[in-house]
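Enquirer: If you want the building blocks of each chain, they are given just below.
Protein chains: 2
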Amino acid sequence: MEKKYLYTLGLFFCLVFSAHAQQHPNILITKGKVEAIRQGIEQYPLLKTSYLEIVQQADAALAAPINVPVPKDGGGGVTHEQHKKNYTSIYNCGIAYQVSGDKKYVNYVRDILLDYASKYEKWPLHPAKKDQEPGRIFWQSLNDFVWQVYTIQGYDMVYDALAVKDRQQIEKHLFKPIMQFFTVDCKKTLDWIHNHGTWCLAAVGMTGYVLNQPEYVQMALKGSKKDGKTGYMVQLDELFSPDGYYAEGPYYQRYAMLPFIILAKTINNYQPELKIFDYRDKILSKAINTTLQTTYTNGFFFPVNDAIKDKSFESPEIVLGVNIAYADIAAEPELLDVAQRQKKVTISDGGLAVSKDIAEGKAKPFKYISAWFRDGAKGDQGGLGVLRYGANEDQQCIVLKAASQGMGHGHFDRLNILYYDNNTEIFPDYGAARFINIESKGGGGYLKENNTWAKQTVAHNTLVVDRASHFNGKLKGAEQTASQIAGFKNTPEVQYLYAKENKAYEGVALSRLVGLVTIPELDKPLLVDIFQAQSDKEHHYDLPFWYKGHIVASSFPIKANTAELRPLGTDNGYQHIWNTAEVQLKENAGFISVLNNYRFYTTYFIHDLPLKINLARTGANDPNMNLTQANAFIQSVQGKGVTTFINLTETHGKVDPVSETVTSAKPSITDLAIQKDSDTKFRLTFLAEGKQHQLYIDLNANDNIIKIQ
Amino acid sequence: MEKKYLYTLGLFFCLVFSAHAQQHPNILITKGKVEAIRQGIEQYPLLKTSYLEIVQQADAALAAPINVPVPKDGGGGVTHEQHKKNYTSIYNCGIAYQVSGDKKYVNYVRDILLDYASKYEKWPLHPAKKDQEPGRIFWQSLNDFVWQVYTIQGYDMVYDALAVKDRQQIEKHLFKPIMQFFTVDCKKTLDWIHNHGTWCLAAVGMTGYVLNQPEYVQMALKGSKKDGKTGYMVQLDELFSPDGYYAEGPYYQRYAMLPFIILAKTINNYQPELKIFDYRDKILSKAINTTLQTTYTNGFFFPVNDAIKDKSFESPEIVLGVNIAYADIAAEPELLDVAQRQKKVTISDGGLAVSKDIAEGKAKPFKYISAWFRDGAKGDQGGLGVLRYGANEDQQCIVLKAASQGMGHGHFDRLNILYYDNNTEIFPDYGAARFINIESKGGGGYLKENNTWAKQTVAHNTLVVDRASHFNGKLKGAEQTASQIAGFKNTPEVQYLYAKENKAYEGVALSRLVGLVTIPELDKPLLVDIFQAQSDKEHHYDLPFWYKGHIVASSFPIKANTAELRPLGTDNGYQHIWNTAEVQLKENAGFISVLNNYRFYTTYFIHDLPLKINLARTGANDPNMNLTQANAFIQSVQGKGVTTFINLTETHGKVDPVSETVTSAKPSITDLAIQKDSDTKFRLTFLAEGKQHQLYIDLNANDNIIKIQ
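Protein sequences appear in the order of chains A and B.
Note that this note's numbering has the first sequence beginning at 1, numbered continuously upward.
Note that this note's numbering has the second sequence beginning at 1, numbered continuously upward.
These are computed hints drawn from the structure, not numbers from a lab.
Just so you know, even glycine gets a beta-carbon here, dropped at the ideal spot from N, CA and C.
Treat each hint with caution, since some may be false.
Stated by the list, open to error - Covered stretches of chain B, going by a simulated chain A footprint (3 or more residues, C-beta under 8 Å):
| hint | segment |
| --- | --- |
| 1 | 75 to 84 |
| 2 | 310 to 317 |
| 3 | 367 to 381 |
| 4 | 423 to 431 |
| 5 | 547 to 554 |
| 6 | 563 to 573 |
| 7 | 659 to 665 |
As the list claims (entries may be wrong) - Below, a list of computed lysine-lysine pairs in the DSSO-like style, where the Cα atoms sit at most 30 Å apart:
| hint | chain 1 | residue 1 | chain 2 | residue 2 |
| --- | --- | --- | --- | --- |
| 8 | B | 503 | B | 448 |
| 9 | A | 48 | B | 343 |
| 10 | B | 503 | A | 612 |
| 11 | B | 524 | B | 640 |
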């Protein structure tokens, strides 16, 4: 059906630009809505504060001299930041003009674009180019595409107010050579099914619509050869899974969404008959929703893969996504909750609708769900699993990563888990080793330690076999397979995710079950985590739990190394870990309690085999101090056949620093034991506040793996 | 004059209890205001939410069975927390009864107090007693005093509704033996000029008033012998400096304030003619104000000495202090700002006044000031200096500790500085090594590392001579002297604090000048820090800067230790520091840039002598992992005569994670140089954004030490 749809779409193209009169502006703000937006700014607080911020920035731009420097610096450098600032100023002045009608904003956009037009053609490829495809304004072409996506919108907003000769000058000496550069020099990227490609074709397509150049629109939608083998529609087919999940993970999905959405909105304005928002069973709506579902309740994206950890749904891409999803796709009142927490709307038709309905009290709390978000264009490449429990104000959340590799930004962390609670990270993911835009730290790009540490398996909360990383840390092998989703349940008493990974290590089959199980005596559901490895040969297994907070109790004496610290290993990330303590347990069971954000997290473990615990801290073999501080406890065994790691994490108690009271500092669970029927069927028994409980685990019972008995 | 006042006070005592009829309640809520408080709860949002919280807790208490366990556990343990909970419940139910008139709350207070009355006399000294004077309900008598301060208020609030026989039972078998215990067994504490003493006499005095027992009131005000040589009035004379500063420091001042204030309020209600709030030139008002002035704008107290770092002015002591200061001393609208940020008022006459005036829009921003807060009863024991610059929303703040030792909770950190900016710590103080109320961490008390680390000089941002702590870490020597205030200025362009310390090390005179100097090219005033040591003999000097954040740039290559970490020393705190890097500088000048909370802090330094930089991290010789993570750069030289450390810290730039932009990541200052006229007169020259600046320093020019030229 999708193929057919695409074909129909093709038919339209010859008609488009004769049948539809051009009007300006016609992207986020459409001409017919300008007056309503002006009135809305008076009436709706969110629209007003958002506009005031824009106009303040626009005025600041007007107050400074126009500065179009010769491109020179890499990411974060002076010319880099100036050109970023310029496109923002062009965009902001466009909005300020539409709302205020004040020509001074038009003059600014005119002057700066004429300045660019007088220089652009002289600029060669950027001198700070690296491995990536270079731009001419920026060190990578990606930034040039982004520049154009914003600039063409600013241009569209002042178009009607510009003199014809100025438009000609700008189009001829700036936009035309830019389009030439994007569609010819950067053709490979335009045709690349990848987020860099999306930015390229959004820039090309939007410019095509605004300048009334159907040629560019066709290239954007159907690829440089206009044959439909690449381009936007193929990207919509291939870059998202049927659940709207983007293979690189939430951080990159956030970034990738913007060109998808804004081009869709542009298409919808110029060619509403294409019903682009309905395409592929509303894939764009699903993608926006999945972007939101892959945040924790504090708004931060699950930082799997090469993620910068301080990115939240407040980022402009998601503000735009929410506004368009609400206004153009489906006016779900839960989206208004997100918009309220973003504290911002776009000054646009969508922003008007959102701020109006918020002012009218229509918002409802956003509904976070427990689900597998399947990966892969066909949904068969595993997925990202999420369990949630509790109100948005204080929610437990588990993430199980059992997806595809996620291309070059992927980490070697199959079956990795993240645990959140109480609005903070409990078992975090390190994210990327990068100080984005900080030039003094590796030019603001990915640091060497991103490969030697952040991508390595031991940097994650998942099993390391024989101290090697999954797929030996090689992208090629990793890209050929994905983990498999093997179970899911979502009831008030029991929720779980179950997944398998058979290729990360040759000859070792891995599986992980994570669940949230309600035990009446406990403050919050118990995090059940069962990790199995199966192999004919004997292996060394390490299971790290990177934790936030401070260890305050343990069932065994910890004797941290006092006189010297040494790295835990020599490679695969182990070289970056200081071995702060090592304990060979006398009993193969025990617990560790961590205090984090005024709450306690006690992880109980039990094993068949002699169990060793290492406490670990990042920082070894890091001469440039590129690593941030992280702490872990690592469980290790040596085993053959089926090896099972059982970890139950109890979330308990409260420290109130204001009243200086502590409740339930001691964990409730005792006497954890395991009774095996077989390797895949066993009972976990324990006392909670002295009361006996039993969990019956049957790993082969797809819909009923965890039973409370 | 104070002596005379005290004498006059003595005369009143014989008259008091015949002339003044008893009424109940008559402490925070007075009988005549009950109806107004009831109405206020309907009208004023802050009073309403505060009351709803109280009544919710009262209802929770009613819903649970009464539990008066035999005292057994230490701080944070089960019986400890239960008895704390009980006095809170008694207090809350008293309030709930006064507001609602519902007898169920009276019945709860009656039943629990009768329960205590049936048991208390059988309880011996607490079994978990340690070094401190033991209580009978708690492991230390201090907690027993606190218990009584709250309980007597709850009793006062239900007094009129209790049957006479119940009152007799409670007074005879609970309060009378408690008073016996406090005034006889704990007599030493009652007469101790110390915050434990304050709690004791507040409990005794308030109980005396409520039970109409002038005997106890006299003991509270004039000491156990009623001779005026100890007791409350002497405490008011001696525990606060003329500026209202309390020698143990802000964290303990907060704690000590509550009994001072609540006893004063009780005295004022029963004996308004004593004008207690006017005593010693309004010393209580000054003390409350100084408590607020020794917080940063985020509300957290400057954590000098044995401070728990998560204490802010939201703590109940300060809520009460602000309410009483506003209602009973002076209705300053700036106090309403604090009350708003506390998000809470006491359900009381004072809370009514505060919430009413907030509702009427009378609040004004709290005025933080730059000042020396003198220490010592006579104000001659040095002081705590504070410099502030900028709006409350984004304020730079420097603290210079040049006070007395602050008794047993004092740290050996003469001339220590703390730097705050952007609502966070930049150069922090470690505070205490303690997990308060976490029983698994040393019973919730001070950890061994509080002595071996937190109190040691090297744990602070001040000069360490020959790797020994001030006064060799001995309290006795330290208590005999204080630092000296030696200069102060507060103009918009130049602010500074100057102080001297001549006794911390034998034969070495120390002085430190810290200032904030406005340089037009810089984003924010420059932190100027000049530390001098003078000695006839050669010494090794270490000047640590404990910093928050991550080092992102430096003028010299840092090669962190990659293969092993070793402690920096063997004692005086050095044994707890991992030496992460060591660099002998080629030039005796340079800079280090730290990124912290999305802003940059670049510290430039210059020296006459060969300069070594160590990078350091806590954690060595810490087998129980009692230390939290902290990082420092330490400047070291070997010198004789006058040795001068010059450090200029520039606060610059911004990282915006939402828009992914970075501004002014590179510092503005270059070419720092020094030209000496003499050891005490010299010029610092530097370029800021290429423009030449000169600071002329004359350390002997008291009112004009820093001149911008």
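Enquirer: It remains to establish, for every hint, whether it holds in the given structure.
Expert: Verification of the supplied hints:
no.	hint	in the structure
1	75 to 84	holds (count 3)
2	310 to 317	holds (count 6)
3	367 to 381	violated (count 0)
4	423 to 431	violated (count 0)
5	547 to 554	holds (count 4)
6	563 to 573	holds (count 5)
7	659 to 665	holds (count 6)
8	B:503 / B:448	holds (26 Å)
9	A:48 / B:343	holds (27 Å)
10	B:503 / A:612	violated (51 Å)
11	B:524 / B:640	violated (35 Å)
Going down the numbered hints, you'll see the structure goes against 3, 4, 10, 11, while the others check out.
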